[in-house]
Structure formats: C-alpha cells, structure tokens
Amino acid sequence: MGVFKKGINGPFSGKTGSIIGSKWKSIHYMKGLPRVRAHRKASAEQLVQRQKFKLLLDFFTPMQQLLKIGFQQFLNRNTAINAAMKFNYDQALYEEEGEIRLDYSKVQLSHGALFTAGAEKAVLLPEGLKITWNTKTYGISGNMDDRVFVACYIQLEDWVSADSVLREDGEIFMELSEKEMQSILHVWIFLSNAQGGQASKTVYIPIERENEPIDNLKNG
Amino acid sequence: MEYFYDASKPKKKEKSYGRLVVQQRMRLAMAFLHPLRPIINETWLLHGNGNKSKAFGLALKKLMQDAIEGQYPAQYVVPSLVTISSGLLPGVDIQDVVVADQQVEVYFSSKDNPLNRSNDEVVLIAYSPELEIGGKNEDLCYRKNNYLKMELPVHFVNNPFHLYLYVRSVNGKQHSKGVYLGGFDGCANKMLI
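Going line by line, the protein sequences match chains A and B.
Using this note's numbering, you'd call the opening residue of the first sequence number 1 and step up by one each time.
Using this note's numbering, you'd call the opening residue of the second sequence number 1001 and step up by one each time.
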C-alpha cells in the first residue's frame, strides 16, 4: 500500500482501473486490488498471524477509551487500537503448546515519557480491590494533578473495569461483586498529565490478599 | 524508543556499516537522555540560544561523541562520561557521597571565585536509564550550605541508579558542568563503579 504526497494533479480517491485512492487521517493512500482469491486456504503462518491479531483485537476493543488516553501522543496518524496493537504485538504474546496466549504482565495500555508513580500495590479486600501508589513526583517528570488510570481485567467475565483519580490521592478503591472476586484479576496502572498530552508507561500490579500474595499468572 | 524499533524484525535492505553504527549510537543516546529532557532543556538552554529542541540536540551530540564506547553491535553508554549540564559557572568540589535508607547525602565545598555566588543552587539528579526514572532534590540547596540531602525515588530501592550534580545561578540562566557522583546498586551504599 503506497502513501503519496500531493502530486501534480493532487490526491485522488476512488477506483481507477486496478488502483484505489483513499484518505485516512490526512494520509493519502494508493492501494492495488487484492490479487489473492477469496477462497484460498490460509497458510499455517497466516493462521498464526490472524490468531495473534484476533487475540489482541478482542482484548483491546472494550478498552478503546482508555487506550485513547494511554496512547494519546500517537493518535495523529494512528487509532488508539492500532497504536496498542503495534506496541503489544512483539511484547505481550507468547506461544504455549501450539497456542498463542496473552502475557498479561507485559500488556502495555499506554506509552510515554511521564514517570510512573512507583511502589504500586493492589490488595484484595473483602469488598473489592484497593490500589495504592507513591504520590511523590521527585521534581523531573510528573505533577500532583496528573491523573492515575487503573484498569482491572476480570477474566471470568472477560470485562475490564477502569477508573481514574489524581496522583495526589495515592489510592483508589474498586468495588467488586462476590462473583468477580472469585475470578482471576489483572490490574494495570498508568498516568497521564492534566493537559492530556503525555502519558507514562503501564505498570502491571500483582494482586495480594490482605496477608498473602496471589500468583495471577499461575492460574491465568 | 522501542515503540519505533524492534530488533527481532528482519531488515529489508542491507545497510552500510557506518550507517548502522551511527543509528545505534543515536538510539542509545536518545534512550539515555530522553527521560531527562526537562533537565537537559534547562541546563543546555544557553547553548541552544534559548531553543529547547536545539539545546537537547546539542546534548545528544555531546553524548554521542563522548559517552558511547564499544564496537557495533555492542556499543554502550558510559554514564560517567555523560554531560548532563554544561556551562561556565564554577562547580563544587565533592567531599563525600553517602547513600543509605533511601536517601542520599552529598558533602561538598566551593573555592572562592569571582563568578561564584553564595546563593547559587546546587542540583542533584538521581537517574536510572534502565527504569527510565529520575528525580532531583526538591528542597533548595545553595552553594554556601556545603551539604545536600535528597530522598531517592522509591523505584530505586532494589535497582541501580546514577547520581549527577550541577550548579545553577539563582536566575536559572548560568549552569556549571555536570559532575558524575557514581553509580549505586539500590539504596544500600554499594557503588557500581
């Protein structure tokens, strides 16, 4: 698929012979008609790639709004899901017994130069999940009015619960039903500045019960 | 940086050795300096004639020239050779650096110099290029104090980090050359180098 700048006759859109002109996010594309017959069987490699794409796409689609904040600096020429796919494709997938799986601890919901909070903890209490972090900013990158975004993936329901507070609050409580508490939970945290131009990297927080740590991945 | 670059992906076209060397240098320098951009923008601003991106570019160039060692593909950044700040303001003489209990104490002295002002601010930077996290002393410390104490970011409890120090004039326009105080392995006082 070719990208072209305005030529002598300017960009075009629509089908011209076997060439299709289109525009997306101010980028002018020139595409050829597909050469592959629609009913051709996919090769083993193609199936693996499709499986990877499907896995990531299914996982990211419900959290589009969150990804728009996390990958905000890449949205000029990307959708939030595109950016998330691009960043997680090489990092967050692994193969086990011939199946492609998602490594939840390596999933990134954001990317940027803002510093992470540090000392992140998630404790499972009888009524829900309490997440805490360090509120200090240490003077280089980060302000007290940065927003902290927390996402909790409830594996049993295949559902993501998300919430946000200010960095200075230092903690957030997410209420969970009894059924949700029985499920395997994965928690991520990232920060975004008040103006909305910058984001931090995502930190995966292993969940602890009040006294004992839970190994999320073992069950996942 | 890794957002744009993935070493596992095969390259489409063979690139010349020189180009590969320079590209790797650029990547290493950028990965090291980018998290410190707010600091670099300030400390190199005079060299950049007030232009922040020019200032950062000059710091990047200096790092690529001085602080990268090794042969491609095993080039690496030597933190002790990184110039975090540059300028004509006289620096301070470091007497001792103590890292313990998640805080760092620096004892220093300053010789008499017509360019010195007793109210020049001393700035300490703790930085971990691996974590891409840094911190600086939030309590103001002046040249006349001869002592500086800073709380280290919680990220550094079990991770290596490097310490840099520079002096800046009270109006923030003049800076001294940055001094490397050493690399430490976590908040226990274990020197890396």
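Source of the hints: derived by calculation from the structure; they are not laboratory data.
A few of these clues could be false.
DSBU-like cross-link-like pairs, simulated, lysine-lysine; straight-line CA separation at most 35 Å [what the hints assert, rightly or not]:
1. A:Lys-136 <-> B:Lys-1177
2. A:Lys-201 <-> A:Lys-25
3. A:Lys-201 <-> B:Lys-1052
4. B:Lys-1054 <-> B:Lys-1012
5. A:Lys-201 <-> B:Lys-1144
6. B:Lys-1013 <-> A:Lys-25
7. A:Lys-86 <-> B:Lys-1173
8. A:Lys-106 <-> A:Lys-25
9. B:Lys-1012 <-> B:Lys-1111
10. B:Lys-1136 <-> B:Lys-1012
11. A:Lys-179 <-> A:Lys-201
12. A:Lys-136 <-> B:Lys-1012
13. B:Lys-1013 <-> A:Lys-31
14. A:Lys-86 <-> A:Lys-15
Taking the hints in turn, this is what the structure says about them:
1. With a C-alpha separation of about 28 Å, the suggested pair A:Lys-136 and B:Lys-1177 falls inside the 35 Å cut-off, and the hint holds.
2. The hinted pair formed by A:Lys-201 and A:Lys-25 meets the criterion: a straight-line CA distance of about 25 Å does not exceed 35 Å.
3. The hinted pair formed by A:Lys-201 and B:Lys-1052 meets the criterion: a straight-line CA distance of about 24 Å does not exceed 35 Å.
4. For the proposed pair B:Lys-1054 and B:Lys-1012, the alpha carbon gap of about 32 Å is at most 35 Å, so the pair holds.
5. The suggested pairing of A:Lys-201 with B:Lys-1144 is violated, with an alpha-carbon distance near 39 Å, which exceeds 35 Å.
6. For the hint linking B:Lys-1013 to A:Lys-25, the alpha-carbon distance of about 29 Å falls within 35 Å, and the restraint holds.
7. Restraint check: the Cα-Cα separation between A:Lys-86 and B:Lys-1173 comes to about 41 Å, which exceeds 35 Å; the hinted pair is violated.
8. A C-alpha spacing of about 29 Å is found between A:Lys-106 and A:Lys-25, which places the hinted pair at or below 35 Å, so the restraint holds.
9. Restraint check for B:Lys-1012 and B:Lys-1111: not satisfied, since their Cα atoms lie roughly 58 Å apart, outside the 35 Å limit.
10. A distance of roughly 43 Å separates the Cα atoms of B:Lys-1136 and B:Lys-1012; the hinted pair therefore is violated under the 35 Å criterion.
11. For a cut-off of 35 Å, the pair hint linking A:Lys-179 to A:Lys-201 stands: about 30 Å separates their Cα positions.
12. Between A:Lys-136 and B:Lys-1012, the direct Cα distance comes to roughly 45 Å. Violation of the 35 Å bound is thereby established for this hinted pair.
13. For a cut-off of 35 Å, the pair hint linking B:Lys-1013 to A:Lys-31 stands: about 23 Å separates their Cα positions.
14. Using a Cα cut-off of 35 Å, the hinted pair A:Lys-86 and A:Lys-15 holds, with the two alpha carbons roughly 29 Å apart.
The structure does not agree with the numbered hints 5, 7, 9, 10, 12 stated previously, though it agrees with the rest.
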